[in-house]
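2 protein chains.
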Amino acid sequence: MKACGVVVEYNPFHNGHAYHVQKAKEVSQAESVIAVMSGNFLQRGEPAIIDKFDRTRAALSSGVDIVLELPYAYAVQNSDYFARGAVQLLYALGASSICFGSEAGNAEPFISANLVQKERKKEYEIELKARLHQGLSFPEASMKAYEAIGLVNKQFDLSQPNNILGMGYVNTILEQDLPMDIHTIKRLNNEFHDPDITGKIASATSIRKEIIAHQSVTSQARAALPAITAEMLQQYKQTTSLWHHWEHYFQLVNYRVQTMTPQELRQIHGVTEGIEYRLKNTANQVENMEDWFRKIKTKRYTWTRIQRIFTHLLTNTTKDELVPFLAENSELPYVRVLGITEQGQKYLNHVKKAIKIPVLSSYRKNMHPLMQLEEKASLSYYSILKPSTRKMLFKQELKGPIRIVR
Amino acid sequence: MKACGVVVEYNPFHNGHAYHVQKAKEVSQAESVIAVMSGNFLQRGEPAIIDKFDRTRAALSSGVDIVLELPYAYAVQNSDYFARGAVQLLYALGASSICFGSEAGNAEPFISANLVQKERKKEYEIELKARLHQGLSFPEASMKAYEAIGLVNKQFDLSQPNNILGMGYVNTILEQDLPMDIHTIKRLNNEFHDPDITGKIASATSIRKEIIAHQSVTSQARAALPAITAEMLQQYKQTTSLWHHWEHYFQLVNYRVQTMTPQELRQIHGVTEGIEYRLKNTANQVENMEDWFRKIKTKRYTWTRIQRIFTHLLTNTTKDELVPFLAENSELPYVRVLGITEQGQKYLNHVKKAIKIPVLSSYRKNMHPLMQLEEKASLSYYSILKPSTRKMLFKQELKGPIRIVR
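Chain order of the listed sequences is E and U. Position one of the first sequence corresponds to residue 1 (my numbering), numbered consecutively onward. Position one of the second sequence corresponds to residue 1 (my numbering), numbered consecutively onward.
Looking at chain E on its own, in the form it has when it is part of the complex (with noise of 0.2 angstroms):
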């Protein structure tokens, strides 16, 4: 019995993720799918339009057996450090193969990447340093540094996110020396951040837009999305009479920030630099998110960085907390399973007695560090909802994982 492994957000579940599930099957001839997800925050640091537990629903009823949580630290962080909680989760999980979708769509490059880094690594880093020294974001000092090296060229583009991403699990993957097969499929058209909706295989950023702009899931939208999906964005928002976005968390992230002084905005992860001092400033001037965010980027700070930083203070997310989880050689505690198919239980079962760490079903309180984090992530996530919906939601932190019959 094999499992393929797929690391995702599913911010909506989207036609583009069910072909991408599909394919994971086909390439590794595995007969079970699991995907590594974010919780109810995500990569690039901004809620997701609904909660980890109706996206779980649409997953398992569109191919996925088994989603197992990503927990918020490695989550809400740059590629590195997600991509390596997600592919150790696999691993822990048994997981035989990884199959990512990617722009290059064959592993080979990545492979040699991967060799070239290796290699070259000192060169890397003198190069990537002297770029940050100019004043430039990470990932912008990163690429010029990957091309200086050589690394990019134009049949391997490493400044494509689906790239970067990749890029992130290979190197775990090959680091690591874990016996993990390499897919990758090539993404379909309609690029990552396409704003706009162009058939059945749109991005989750168009899907999303379009869905927030019409406060509806329009027939556009639906054409893109499986209906089990459709059904659960629905549904969510007859319960809350909302879709997260950043926008309804602003009252409470600049009260948060105008009660703080500077030296407790420094024990928030991500917050360096005298950020901190720049967020105090601006918290009287600014009438939403988005102003706020604008006012507060830099050259040096990227849009994304800056939604992790309001991440973090939203859900008071401190350095102290969450910074013995980065280092290299920590190792997970657990595995959450959010949710299993029939199948998914088969091979669980099946490969039970091989895994190493404790298999988890719900929220434990005061088991772990690592799972206090995700309580607070939660508790945030929802604070913007009425106070008897929120507990209702927040409930099924507390139940068994989800489990649909297909």
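Treat the hints with caution; some may be incorrect.
Copies of the same chain look alike in the list, so a pair counts if it fits in one copy or across any two.
[Claimed, not checked] With a Cα cut of at most 25 angstroms, we get these calculated SDA-like pairs of lysine to any residue:
1) Lys376 - Thr318
2) Lys23 - His183
3) Lys200 - Gln235
4) Lys280 - Gln396
5) Lys365 - Gln267
6) Lys365 - Asn281
7) Lys399 - Ser137
8) Lys280 - Ser112
Simulated from the structure, these hints should not be mistaken for lab results.
Based on the hints, put chain U in the right spot on chain E.
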């Protein structure tokens, strides 16, 4: 030129307050009345119904000549700290007398009570300790201890709220040997906490209740208020669309508690004896502040004490920030004038040279840690308003004092 001091909250300024100011001038034979007023949060741990600026306008129009801000650090405190801070401010501005309303209506029992307290201090403390040990709240324990040393009797009931505050003023004056005459006037009918308005003289509690229940300054409320107060109340609501009360802050405080660790909660002023765990455990159970106060309440914790804790949570006021100002030898770093009439200005010019601490007419950034607490209190108070409104109202902190020509 003489000034008589009064210690007030004016929440809101009503006919009883106008009577008090007039009587203060009469009994003290002073030309000016200086009111030391709580800012946006009050002694009982509540947000004021309208902000300190509009309350200052009403007071200046109704007989008060100078309004000083009682700093947050002293205002949201038990009667001892509250009274000490207020009397020190009056002394700093050279007030030659104080005049407070009391149930006793006669200064003599306060002065004898102070003597008895001094003589029987040890005995009192033993009695107090024993009662606290039994699990009584501080006010109850203190009451019983006063009874035990013979300080409570039919002529002088130290369980009545205005007598308690009066005792605080008298103790400060006598213990610090301040050159201030002590006057007290008997409170008119209608008790401090009486919930119903019964005529021209009504308690602030009953007036707020009436206004908030009807969301309107009803004719019954109007009967108990000077016209200027009714105007300020209406104007404030036109600007902000609300009159402040605790329920408006539920989402913010609840979010705060849910995202704080018990260790972080313990740093907040007033959070002791494991109340951090009660806060955490109830946070996801409650749907409004009233409900939450009730769930936190125990025999040992009075409603007021709980409200103060929630105020410090809302304003993010830590023990480290506040405790230095409560030390017996701590001195006032400045006096802040919220508003002044021409008569008040004449008085101020007259005594200016004798004033030993800076007299400020507006908020100054980074001026003093005491003022940083004021900033947080002000920002928290306004945090429930629309960003543009909040910004506009906060700007008043930066302008000179309010000036009213009567």
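Results for each hint:
1. Taking the shortest alpha-carbon separations for Lys376 and Thr318, both the intra-copy value of 11 angstroms and the inter-copy value of 21 angstroms come in at or below 25 angstroms.
2. Proximity of Lys23 to His183 under the C-alpha cut-off of 25 angstroms is restricted to the intra-copy arrangement: shortest distance 10 angstroms within a copy versus 88 angstroms between copies.
3. In this assembly of identical chains, the alpha carbons of Lys200 and Gln235 lie at most 25 angstroms apart only when taken from the same copy (22 angstroms versus 55 angstroms across copies).
4. Taking the closest pair of Cα atoms, Lys280 and Gln396 come within 25 angstroms of each other only across two copies (19 angstroms); inside a single copy the shortest separation is 36 angstroms, beyond that limit.
5. Taking the shortest alpha-carbon separations for Lys365 and Gln267, both the intra-copy value of 24 angstroms and the inter-copy value of 22 angstroms come in at or below 25 angstroms.
6. Within a single copy, Lys365 and Asn281 get their C-alpha atoms only as close as 37 angstroms, which misses the 25 angstroms cut-off; across copies the closest is 11 angstroms, which meets it.
7. Taking the shortest alpha-carbon separations for Lys399 and Ser137, neither the intra-copy value of 42 angstroms nor the inter-copy value of 40 angstroms comes in at or below 25 angstroms.
8. Taking identical chains as interchangeable, the C-alpha atoms of Lys280 and Ser112 are never at most 25 angstroms apart, the minima being 46 angstroms within one chain and 52 angstroms between chains.
Hint violations for this structure: numbers 7 and 8, all remaining hints satisfied.
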